[in-house]
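> Chains as they are written, first to last, in our numbering: chain R, 1 to 275; chain C, 276 to 546.
There may be inaccurate statements among the hints.
Label pairs and their computed distance ranges (CB to CB) [to be verified]: (1) C:Asn463 with R:Gly204: 55 to 61 angstroms; (2) C:Lys376 with R:Glu34: 51 to 57 angstroms; (3) C:Asn508 with R:Val214: 34 to 40 angstroms; (4) C:Ala543 with R:Gly240: 45 to 51 angstroms; (5) R:Gly257 with C:Pro312: 28 to 34 angstroms; (6) C:Asn463 with R:Thr236: 27 to 33 angstroms; (7) R:Asp206 with C:Arg334: 41 to 47 angstroms; (8) R:Arg189 with C:Thr369: 53 to 59 angstroms; (9) C:Asn508 with R:Asn194: 38 to 44 angstroms; (10) C:Glu332 with R:Thr221: 46 to 52 angstroms; (11) R:Ser228 with C:Leu496: 40 to 46 angstroms; (12) C:Lys453 with R:Val172: 53 to 59 angstroms; (13) C:Thr369 with R:Val24: 33 to 39 angstroms; (14) R:Thr236 with C:Arg484: 20 to 26 angstroms.
Below, simulated DSSO-like cross-link-like pairs (lysine-lysine); rule was C-alpha separation at most 27 angstroms, straight line [stated by the list, open to error]: (15) C:Lys453 with R:Lys241; (16) C:Lys335 with C:Lys376; (17) C:Lys533 with R:Lys241; (18) C:Lys505 with R:Lys241; (19) C:Lys319 with C:Lys335; (20) C:Lys533 with C:Lys501; (21) C:Lys533 with C:Lys505; (22) R:Lys200 with R:Lys217; (23) C:Lys453 with C:Lys505.
Under 7 angstroms between C-beta atoms, here's a sample of chain R residues computed to sit facing chain C [unchecked claim]: (24) Val108; (25) Ala115; (26) Ile218; (27) Ser220; (28) Glu223; (29) Leu224; (30) Val233; (31) Glu238; (32) Ser239; (33) Arg243; (34) Tyr244; (35) Thr245; (36) Arg253; (37) Gly255.
For the record, the hints were derived by calculation from the structure and aren't laboratory data.
Beta carbons are placed, not taken as given, at the ideal position from N, Cα and C, and that holds for glycine.
Spelled out, the chains give:
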Amino acid sequence: MRVSHLLGPILLLMANGASGAPVVETTEWTESYEVVSQAELFIDNIWGDVEVIRGSSDQIELSLRSIRRADDEENFEYSLEHIPLRIGKFGNTVAVKVGRDQDNWWNVRRCKGCALRLDLVVSVPVDATINVSTVNDGDVTVRGIRGDVTATNVNGSIFTSGLTSCQTIETVNGDIEADFQTSPANDCRLETLNGDIALKLSDGADADVEVDLVNGKIRSTVELTPQSVPARVEHTSESGKHRYTIEQSAGFRIGSGGKTLILKSLNGDVLVERS
Amino acid sequence: MNRIKHIVAGLLASALVLVLPQAQAQSEPITIDLSQPDQPVSFKLGMLSANIQVIGERRKDITLEVDGSKSGQRIVTPSGSQPISAGSYRLSVTEDNNEVKVSSSWNRSTLDIVARVPMDASLDLWTTNDGTIVVRDVTGEMQLQNTNGPITVYGAGGAVIAESTNEDIVVGFAELRKDTASSLTSINGDLTVVLPDQPKAQLHIDTTRGEIVSDFEIEVLPSETKVSRKNENGTIEIAVENLIIANVNGGGPVIRLKTFNGDIDINAEMR
């Protein structure tokens, strides 16, 4: 059941309401959804921070702050159609999405000065499955969640702590901090193009690590065992054309080894330490 | 709400069609099957920095062995710096109608690549820095380019176009086919061509500062200085080529040997 109420007044600034004047609308509110076991959170944001924290066992609670802006009233109305904010629940999944499913990005770009910044803090059951992303002007933070985590960003960093399981933690221009509370429960990929990766494992946690760096260095505050890693060969075919991608990474073992963490960065360093 | 369902359903579907990685040991060769195993094959490999070795064999596929352990990558730990045994690299290979292309967008270091191909494969190989090109027992035509490293060919059977800017080129022919023409060119490297028994060839030799040594008697033919003129974009380019044309055993397929600062050897065997 959705419970929604406004925390603060809607602030609508229109400079004299005249055409050509920028329009900014700021809204803050909370929403709460009841969930049972195996809850899932899906967030597809474009502008703004996404933070996920541990909450009660039977609810997903969202604290949202949105700032919609456009160059003028006409574009503001256009943005409502082409950059909508949609929040919903189906089954045990709560989903938040900025923008339309199939919209041409050109439709968004032609909206002059338009953006919908959305900063979220979401509390979820500790074992919830998390799949969250943002693109610009924000970081992604996930803390204290024992469920499976997928987090992506483009122009910002990703901070995680208390992890036990992840699938992908990926950004383009930002750092990654992955702090595991236990040995990783499954293989996970941590990838950035222009950023550092800090991998932290709690005392006693073990993992195997593959590292693929081009211009960076690997530094560790704990002892590691370098080890040979099998090359990965991916074979796909389409219309009679075959493509093979062969990847070989450097590797090392933390503790007695375990699931594989794949760390990749083009221009960043890797730091390994105990948390 | 339905739209949101579609988003999640789409994500799940995308995850299911991902091709799962197939683990292979580092030293194991990777086999590239050919679309038409009985037809001619073309093998192209280009990489900024690689030691490339291509070996012709009686086979109907191509295998690749890749070693990236020269990356020199190290881990700094409390007890000091230690090397990582296997370096990192990424290769992309495509096979399309018997044309196999190997490329790499980036690599941390020089790769060692050994490719085993059908003997009659045609080759197009290039590298630029810190690498070598070695070809053994390939009878198809080949185009080889190594800007800052040497090129060595053993047992060539078809046309060989080999070009190195700063290093030596050695090409050994197992046979000289009548309908072929070969070319070895360098600016600062020596050129060595090794001819088979009883060879018939016509050599077009051009060296500005080097000497020419031959194991074979050669018949030097009268030749004229060749001047070519090209007008392009308002500029005139005049090239003057002072060729020595020489026949071995009465002449045959043309082998062009051109270097600016290097010597030219015409040998009877590989040394």
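> All the hints need checking, so say for each whether the structure fits it.
Results of checking the hints against the structure:
The hint said 55 to 61 angstroms for the Cβ distance between Asn463 (chain C) and Gly204 (chain R), and at roughly 60 angstroms that hint holds. Between Lys376 (chain C) and Glu34 (chain R) the CB atoms are about 56 angstroms apart, so this pair conforms to the stated range of 51 to 57 angstroms. Checked against the hint of 34 to 40 angstroms, the pair Asn508 (chain C) and Val214 (chain R) passes, with Cβ atoms roughly 39 angstroms apart. Between Ala543 (chain C) and Gly240 (chain R) the C-beta distance comes to about 46 angstroms, which sits within the given range of 45 to 51 angstroms.
Between Gly257 (chain R) and Pro312 (chain C), the C-beta spacing of about 41 angstroms breaks the proposed range 28 to 34 angstroms. Distance hint check: the CB atoms of Asn463 (chain C) and Thr236 (chain R) are about 43 angstroms apart, inconsistent with the given range 27 to 33 angstroms. Here the CB-CB span from Asp206 (chain R) to Arg334 (chain C) is close to 43 angstroms, well matched to the stated 41 to 47 angstroms. For Arg189 (chain R) paired with Thr369 (chain C), a C-beta distance near 24 angstroms fails the hint of 53 to 59 angstroms.
For the hinted restraint 38 to 44 angstroms between Asn508 (chain C) and Asn194 (chain R), the CB-CB distance of approximately 40 angstroms keeps it satisfied. Distance hint check for Glu332 (chain C) and Thr221 (chain R): the Cβ-Cβ separation is about 49 angstroms, which falls inside the suggested range of 46 to 52 angstroms. Taken as a hint, the range 40 to 46 angstroms is violated for the pair Ser228 (chain R) and Leu496 (chain C), whose Cβ atoms sit roughly 59 angstroms apart. With their beta carbons about 57 angstroms apart, Lys453 (chain C) and Val172 (chain R) fall inside the hinted range of 53 to 59 angstroms.
The hint said 33 to 39 angstroms for the Cβ distance between Thr369 (chain C) and Val24 (chain R), and at roughly 50 angstroms that hint is violated. Against the hinted window of 20 to 26 angstroms, the Cβ-Cβ separation of Thr236 (chain R) and Arg484 (chain C) comes to about 52 angstroms, which falls outside the hint. Distance restraint check for Lys453 (chain C) and Lys241 (chain R): the Cα-Cα separation of roughly 35 angstroms exceeds the 27 angstroms cut-off, and the hinted pair is therefore not satisfied. Restraint check for Lys335 (chain C) and Lys376 (chain C): the C-alpha separation of about 16 angstroms stays at or below 27 angstroms, so the hint holds.
The hinted pair formed by Lys533 (chain C) and Lys241 (chain R) fails the criterion: a straight-line CA distance of about 39 angstroms is larger than 27 angstroms. The hinted pair formed by Lys505 (chain C) and Lys241 (chain R) fails the criterion: a straight-line CA distance of about 42 angstroms is larger than 27 angstroms. Note on Lys319 (chain C) and Lys335 (chain C): the hinted pairing holds, with a Cα-Cα distance of about 16 angstroms set against a maximum of 27 angstroms. For a cut-off of 27 angstroms, the pair hint linking Lys533 (chain C) to Lys501 (chain C) stands: about 14 angstroms separates their Cα positions.
Between Lys533 (chain C) and Lys505 (chain C), the direct Cα distance comes to roughly 21 angstroms. Compliance with the 27 angstroms bound is thereby established for this hinted pair. Among the hinted pairs, Lys200 (chain R) with Lys217 (chain R) is consistent with the structure: their alpha-carbon atoms are about 16 angstroms apart, no more than 27 angstroms. Taken as a hint, the Lys453 (chain C) and Lys505 (chain C) pair is broken in the structure, with Cα atoms around 31 angstroms apart against an allowance of 27 angstroms. A distance limit of 7 angstroms between C-beta atoms decides the matter here; for Val108 (chain R) the minimum to chain C is near 16 angstroms, and the interface restraint is violated.
Proximity of Ala115 (chain R) to chain C is violated relative to the hint, the smallest CB-CB distance being about 21 angstroms (cut-off 7 angstroms). A least Cβ separation of about 5 angstroms between Ile218 (chain R) and chain C falls short of the 7 angstroms threshold, and the interface hint therefore holds. Interface restraint check: Ser220 (chain R) against chain C, minimum CB-CB distance 5 angstroms, threshold 7 angstroms, status holds. Because the smallest distance between the Cβ of Glu223 (chain R) and any Cβ of chain C comes to about 5 angstroms, under 7 angstroms, the interface hint for this residue holds.
With its C-beta approaching chain C no nearer than about 6 angstroms, Leu224 (chain R) sits inside the 7 angstroms limit, and its interface hint holds. Taking 7 angstroms as the C-beta contact cut-off toward chain C, the hint placing Val233 (chain R) at the interface holds, the least distance being around 5 angstroms. Restraint check, Glu238 (chain R) versus chain C: the minimum CB separation of about 10 angstroms is more than 7 angstroms; hint violated. With a least beta-carbon distance of about 9 angstroms to chain C, the hint placing Ser239 (chain R) at the interface is violated under the 7 angstroms criterion.
Given hint, Arg243 (chain R) at the interface with chain C, holds; its Cβ is 5 angstroms from that chain's nearest Cβ, closer than 7 angstroms. Nearest Cβ of chain C to the Cβ of Tyr244 (chain R): about 4 angstroms, under the 7 angstroms cut. The hint holds. Interface restraint check for Thr245 (chain R): the shortest CB-CB distance to chain C comes to about 6 angstroms, inside 7 angstroms, so the restraint holds. Taking 7 angstroms as the C-beta contact cut-off toward chain C, the hint placing Arg253 (chain R) at the interface is violated, the least distance being around 11 angstroms.
At its closest, the beta carbon of Gly255 (chain R) sits 14 angstroms from a beta carbon of chain C; the interface hint therefore is violated under the 7 angstroms criterion.
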